[in-house]
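Keeping the supplied structure of chain A fixed, place chain B upon it in accordance with the hints.
Chains as they are written, first to last, in my numbering: chain A, 1347 to 1455; chain B, -10 to 459.
If you're looking for bench data, these hints aren't it; they were derived computationally from the structure. Possibly wrong hints are sitting among the right ones.
Pairwise CB distance ranges (calculated) [said to hold, decoys possible]:
no., chain 1, residue 1, chain 2, residue 2, range
1, A, C1367, B, S14, 33 to 39 Å
2, A, K1438, B, Y72, 37 to 43 Å
3, A, G1439, B, Q174, 46 to 52 Å
4, B, L205, A, C1367, 50 to 56 Å
5, B, K91, A, K1383, 31 to 37 Å
6, A, T1351, B, G332, 44 to 50 Å
Ideal placement from N, C-alpha and C gives every residue a C-beta, glycine not left out.
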Amino acid sequence: MLNLTPEERKVILFVLGLAFCGLILSNLIKVNRHIEKIIIPQIQLAKININRVTLDELSGIRCVPPKLAQRIIEFRNLHHEFSSLDELKNIKGIGNQRYEKLKEVFFVE
Amino acid sequence: MMRPSLVLTVFYCWGIVLANLIRFSFWPIMGLAAAIFIGAILLRRKNFVFWIPVLVLVLFAGALNLKNSRILPKDHIHNFVLYKDSSLYRLSGFIDSQPELKNQYLQFVFRVQEAQNNRLKWPACGKLLVKLSFIRKLSYGDQLTLMGNLTRPYNFASGRGYKDFLARRGVYLIMRLDDPRQIIQHPGNRGSKLINHSLWLRTKMEEVIRRNLTDLPAGILCAMVLGQKRGISWLVNNSFVRSGTVHILVVSGFNVGIVAFIINLLLKVLRFRRIARIILTIACLLIYCLITGASDPVMRATLMGVIFLSAYLFKRSPDIYNSLAISALFILTINPGQLFDIGFQLSFISVLAIVYLYPKLEALIGLRVYKNKIWKSIGQGCLVSFSAWIGTLGIIVFNFGIIAPVTVLANILIVPLATLITLCGFTLVLSALISPVLAHLISMPTSLLINLLLNINALLVKLPLAYICL
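Isolated chain A, as found in the complex (with noise of 0.2 Å):
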């Protein structure tokens, strides 16, 4: 029984080396899987988003006449998107009252 012939331990001795090559990557990639946590925003509050809102929607809201939902959409076209709520108060025709009732509908993500 003990008798094994130079392949057979070559055998031998490969099965074991890729059974713990196995272990390891098996447990490294156990033990360094990361968890990527999305927030989900409280959309319940029906805020909208201000780099998805489309321009017939814009013009549905209250406080936002059609030629000021024209520039929002323009402003967003020519920066890419809003990085936070405050870029509204460069766009015409948003002063710090219209901001303020703005800021309650719109979210930035």
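Chain B alone, transformed into the frame defined by chain A:
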């Protein structure tokens, strides 16, 4: 005769047992194993000395495999559920097992892919057992979103390890759902295509059996041929447990042997060449293994069958101890925790007991010199049954607290009958492919044999001292 695989398997099992008893860290032992591996490479030319590091490495492999199998990934769903957690979880994933009715619950294993709790949503992994108190048409691979509470399983007060039983199957949580609105089914199937096809085949075979037989005989035949035990009542199952013949209600090596025999015979009749016959028989055995749910006894028998047939393919002489050891090693490499499963233990110990004890008992009573063939066959049957009984006695007494002296007699009477029933069952299923009328004709003697089996079993259980509960 060389049996290196037997020695390696024994050491691998010892490694698993040691890992279960002793606490250790993964990486220091892995470092030690790496050092010993280098030593084994350096000593590979020295015959006897080479074995020492190899056996130690195999021991470490068993231990580290068990340790690794018990480590859960960071994103495993179990890591997020607290003890007595009453939070509502929303889990997305797919069904990872065939749903079945058990104790008035429809239950299945659910593989999680995404989890949500309050405003947090994250990709997760892991399996959980889902129990529905309502009936819903679900199948393997269905994509679902479940909403409910998650609980951890517990061990029973008697010490029976339900929690450990589930953990060995990779299940660490349970979700009970009472309202159909807690399940949302999505289109598509994420299950393996191979398993889907196997389950489809099993469903078709079950339909054939249930169409041609009444409830109880159909339930018993489905259990014996397809591994579907849901049609068997607790009373019938308990009756077979008491007579020590419950193993006939489980698909095992016996059924695998019959499949191999039938396929080989069919291919021989169709004039297939030897190599083609062996390859096709191996393929059919693997398909049958999938159809019956790939339980431990079926896996063991299928692997042993494949190894045996492969031996003929490679013109080597087969050895039963080697093939038994390799099949054990294969199963324990995939899931080392199975070593502590009673089904796994009984499956291997019974075969080992028969293979080891039977020749010795046969030589002891001088059965080989018997001239009367009938008495010789009966004697051989008794000895096989007695060998298996002796081999499994300790485990059965320890786990179930029952000794069934009637087992030896019951096995002599019931096992040949079970052989006939299994053969009839396979013939019934195959004949349904040819003609429903032929299937109906074959179903009649099958039903008669099953009723005879039930009556004989009932009679044996009523004998004085048939079984002793401890």
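Taking the hints in turn, this is what the structure says about them:
1. Separated by about 19 Å at the C-beta atoms, C1367 (chain A) and S14 (chain B) break the suggested range of 33 to 39 Å.
2. Separated by about 59 Å at the C-beta atoms, K1438 (chain A) and Y72 (chain B) break the suggested range of 37 to 43 Å.
3. A hinted range of 46 to 52 Å for the beta carbons of G1439 (chain A) and Q174 (chain B) is consistent with their spacing of about 49 Å.
4. Between L205 (chain B) and C1367 (chain A), the C-beta spacing of about 52 Å keeps the proposed range 50 to 56 Å intact.
5. Restraint check, K91 (chain B) to K1383 (chain A): a C-beta distance of roughly 36 Å satisfies the suggested window 31 to 37 Å.
6. Separation of T1351 (chain A) from G332 (chain B) is about 37 Å and departs from the stated range, judged on CB atoms against 44 to 50 Å.
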